[in-house]
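2 protein chains.
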Amino acid sequence: MLKTNRPKRRSAIAALALLTLVSTASADPLPSWNDGTAKKAIIAFVARTTTADSPDYVAPAARIATFDNDGCLWAEQPLYFQLIYIIERIKSLAPEHPEWKDTEPFASILNGDVKKALAGGKKALLDLTMATHAGITTEEFDQSVRDWLATARHPKTGRPYNEMVYQPMLELLAYLRANDFKTFIVTGGGIDFVRVFAEETYGIPPEQVVGSSIKTSYEIREGKPALVKLPELNFIDDKEGKPIGIHQHIGRRPIFAAGNSDGDFQMLEWTTAGKGARFGLLVHHTDAEREWAYDRDSHIGKLARGLDEGPKRGWTIVNMKDDWARVFAE
Amino acid sequence: MLKTNRPKRRSAIAALALLTLVSTASADPLPSWNDGTAKKAIIAFVARTTTADSPDYVAPAARIATFDNDGCLWAEQPLYFQLIYIIERIKSLAPEHPEWKDTEPFASILNGDVKKALAGGKKALLDLTMATHAGITTEEFDQSVRDWLATARHPKTGRPYNEMVYQPMLELLAYLRANDFKTFIVTGGGIDFVRVFAEETYGIPPEQVVGSSIKTSYEIREGKPALVKLPELNFIDDKEGKPIGIHQHIGRRPIFAAGNSDGDFQMLEWTTAGKGARFGLLVHHTDAEREWAYDRDSHIGKLARGLDEGPKRGWTIVNMKDDWARVFAE
Chain A
100 MLKTNRPKRR SAIAALALLT LVSTASADPL PSWNDGTAKK AIIAFVARTT TADSPDYVAP
160 AARIATFDND GCLWAEQPLY FQLIYIIERI KSLAPEHPEW KDTEPFASIL NGDVKKALAG
220 GKKALLDLTM ATHAGITTEE FDQSVRDWLA TARHPKTGRP YNEMVYQPML ELLAYLRAND
280 FKTFIVTGGG IDFVRVFAEE TYGIPPEQVV GSSIKTSYEI REGKPALVKL PELNFIDDKE
340 GKPIGIHQHI GRRPIFAAGN SDGDFQMLEW TTAGKGARFG LLVHHTDAER EWAYDRDSHI
400 GKLARGLDEG PKRGWTIVNM KDDWARVFAE
Chain B
100 MLKTNRPKRR SAIAALALLT LVSTASADPL PSWNDGTAKK AIIAFVARTT TADSPDYVAP
160 AARIATFDND GCLWAEQPLY FQLIYIIERI KSLAPEHPEW KDTEPFASIL NGDVKKALAG
220 GKKALLDLTM ATHAGITTEE FDQSVRDWLA TARHPKTGRP YNEMVYQPML ELLAYLRAND
280 FKTFIVTGGG IDFVRVFAEE TYGIPPEQVV GSSIKTSYEI REGKPALVKL PELNFIDDKE
340 GKPIGIHQHI GRRPIFAAGN SDGDFQMLEW TTAGKGARFG LLVHHTDAER EWAYDRDSHI
400 GKLARGLDEG PKRGWTIVNM KDDWARVFAE
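Quick note, the sequences are listed as chains A and B, same order. Per our numbering, the first sequence starts with residue 100, numbered consecutively. Per our numbering, the second sequence starts with residue 100, numbered consecutively.
The hints are simulated quantities; they were obtained by calculation from the structure and are not laboratory data. Just so you know, even glycine gets a beta-carbon here, dropped at the ideal spot from N, CA and C. Fair warning: there could be bad hints in the mix.
If you want a taste of the chain B side facing chain A, the calculated C-beta under 7 angstroms gives, among others [what the hints assert, rightly or not]: (1) Ser131; (2) Arg294; (3) Thr315; (4) Leu326; (5) Gln365.
Here are the simulated BS3-like pairs of lysine-lysine, each with C-alpha atoms no more than 25 angstroms apart in a straight line [said to hold, decoys possible]: (6) Lys323/A / Lys139/B; (7) Lys323/A / Lys314/B; (8) Lys411/B / Lys338/A; (9) Lys338/B / Lys374/B; (10) Lys222/B / Lys190/B; (11) Lys314/B / Lys411/A; (12) Lys314/A / Lys338/A; (13) Lys338/A / Lys314/B; (14) Lys314/A / Lys190/B; (15) Lys314/B / Lys221/A; (16) Lys221/A / Lys323/A; (17) Lys281/A / Lys281/B.
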């Protein structure tokens, strides 16, 4: 009886397996992407790097995918969200710093004139960053960002900042991970800032975030060890810094990289110059209605060289307006 | 017929599952560890941090375990193996550097007098490091280390260096990973040096190696991007540097840390000062017969403060001679 039963059971199992395959294949992994060249290119790339008998097959361990954050995973207008954190933090710290009323760039921030404050250029930005990021422990900084995210709201949408994330990119992250890619953030923003929400928001754990940083010291405070953030730059993870940061943290070249500005150019260049199948993706902000439209002349997220050279280099330019059926996550 | 068949099949499956459970439970996950307090403490820690209803339960994402490399995962006598690489590399590069014959510390290395070469202290070591690590691309360095590992042999055992790894520690790494710990190397040695063999030797991918480094530049060479190693220190991942490096790369505090020298003290201090269940482990080199015996007065891997304070801090001191049934992997 068992003997005659076996083939039946086998064929039932085979049918079930087939059904699962069919249903997996027919379920759209990127439902918020309109059918178009960008979506097709992504799916074709994943298929040919993960299919065992493909000439472009890549072993799971080498399936490294890196993503810029500002303007690529979440929005960056009207100002980088970390800069909004800095501005609001300066205001809440002001009572402890009466001297700020007469010192730039703090005075202008407190007067609500962000433009004037930032007219001081790099020096002004550095002063504001150090005043809000240094002199506290890593745990205190983490808590401060966590508290801010819980209460702060975007000036245009009224939504929490960590909800202003792009649904198509969340789907792309999940799709790559479902195909055994390891997803990393490689951001010009602060590594400790992004780590606070990256795991919950993007499913990316702290150890897979690469970013800009200030130096840290190890101290014993009241008998307990603490890591204290120092007012000294450690690393700028932007432009040439991105491949350098990738090497430092990841130690191997990605096969997939996504960005949206010329700050990501070198990351895509480094990624796509490697041997074998590679994917470079640039999100082009073209949707003034659902998001913002900006590129060559933007003060934030400037994209010019990427638009000029990207297509020649085989990079996929995502036209947000046409390629995305939906922009923000619900 | 199917109906009557089902319970039988089910009970057969249940019996099989039970058998697997029993065999798993009875299989010793640490066969090269003698039964003793160290082995018992490790197993008890893993049980109480991974059992769902335990008050000390830790979610898988937070199960971060960090391991020193020299003297903890592989041997470090008579000299750090990376230093042996440097010495042998200086010799093979000498024909391209006739000036080395008259310049210290190179002249002494070429004369076979390592002691005299290293008498120049930090400056001498830095000169030797830069001469062998800088001015080449990351890929060239990687290949050079790979070639060296393939042919170099340890002066005492005649074995390849990446075979002089501790079997009990390999089992510990595998045991932790089988219990959903993520294992990292946190080494005072060079991050790019250790990454060359860490994946194959320890099952630890490049992105889970933290270490000392020199700076890197991103350059276009003959139309192709390259990362070039520069003769400038970037980070020393030793002593206070270990918790700092852990924060920079991992972004959260480990719950398990293993080392063997006072260079690991702060890593264990930082790890075990966290809330909840924590484990600190120090390998004490006590076996002059099967390995080497050294601690307080050693020029390499000095262990004094760890021996004095470790037990009071609840750290487990592994007595290599008594706790390990076997030392090196076959």
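Hints, one by one, checked against the model:
1. Interface hint at Ser131/B: violated, since its Cβ lies 26 angstroms from the closest Cβ of chain A, which is beyond the 7 angstroms cut-off.
2. The closest approach between the C-beta of Arg294/B and any C-beta of chain A is roughly 5 angstroms, which is under the 7 angstroms cut-off, so the hint is satisfied.
3. Hint on Thr315/B holds. Least Cβ distance to chain A is approximately 5 angstroms, under the 7 angstroms limit.
4. For Leu326/B, the suggested interface contact is upheld, since its CB lies about 5 angstroms from the closest CB of chain A, less than 7 angstroms.
5. Annotation: Gln365/B was flagged as interfacial toward chain A, and the flag holds, the nearest CB pair being 6 angstroms apart, inside 7 angstroms.
6. A C-alpha spacing of about 28 angstroms is found between Lys323/A and Lys139/B, which places the hinted pair above 25 angstroms, so the restraint is violated.
7. At most 25 angstroms may separate the alpha-carbon atoms for a hinted pair to count; Lys323/A and Lys314/B exceed this at roughly 32 angstroms.
8. Simply put, Lys411/B and Lys338/A have alpha-carbon atoms about 48 angstroms apart, too far for the 25 angstroms limit, and the pair is violated.
9. Only pairs whose Cα atoms come within 25 angstroms are accepted, and Lys338/B paired with Lys374/B is accepted, the gap being roughly 22 angstroms.
10. Using a Cα cut-off of 25 angstroms, the hinted pair Lys222/B and Lys190/B holds, with the two alpha carbons roughly 19 angstroms apart.
11. Under the criterion of a C-alpha separation no larger than 25 angstroms, the hint pairing Lys314/B with Lys411/A is inconsistent with the structure, at around 31 angstroms.
12. As the CA atoms of Lys314/A and Lys338/A are separated by approximately 20 angstroms, the hinted pair is consistent with the 25 angstroms bound.
13. Simply put, Lys338/A and Lys314/B have alpha-carbon atoms about 16 angstroms apart, close enough for the 25 angstroms limit, and the pair holds.
14. As the CA atoms of Lys314/A and Lys190/B are separated by approximately 37 angstroms, the hinted pair breaks the 25 angstroms bound.
15. Using a Cα cut-off of 25 angstroms, the hinted pair Lys314/B and Lys221/A holds, with the two alpha carbons roughly 23 angstroms apart.
16. This hinted pair does not check out: Lys221/A and Lys323/A have alpha carbons roughly 36 angstroms apart, beyond 25 angstroms.
17. A threshold of 25 angstroms between alpha carbons decides the hint, and for Lys281/A with Lys281/B the separation of about 14 angstroms falls inside it, so the pair holds.
The structure fails hints 1, 6, 7, 8, 11, 14 and 16 (numbered hints given earlier, in ascending order).
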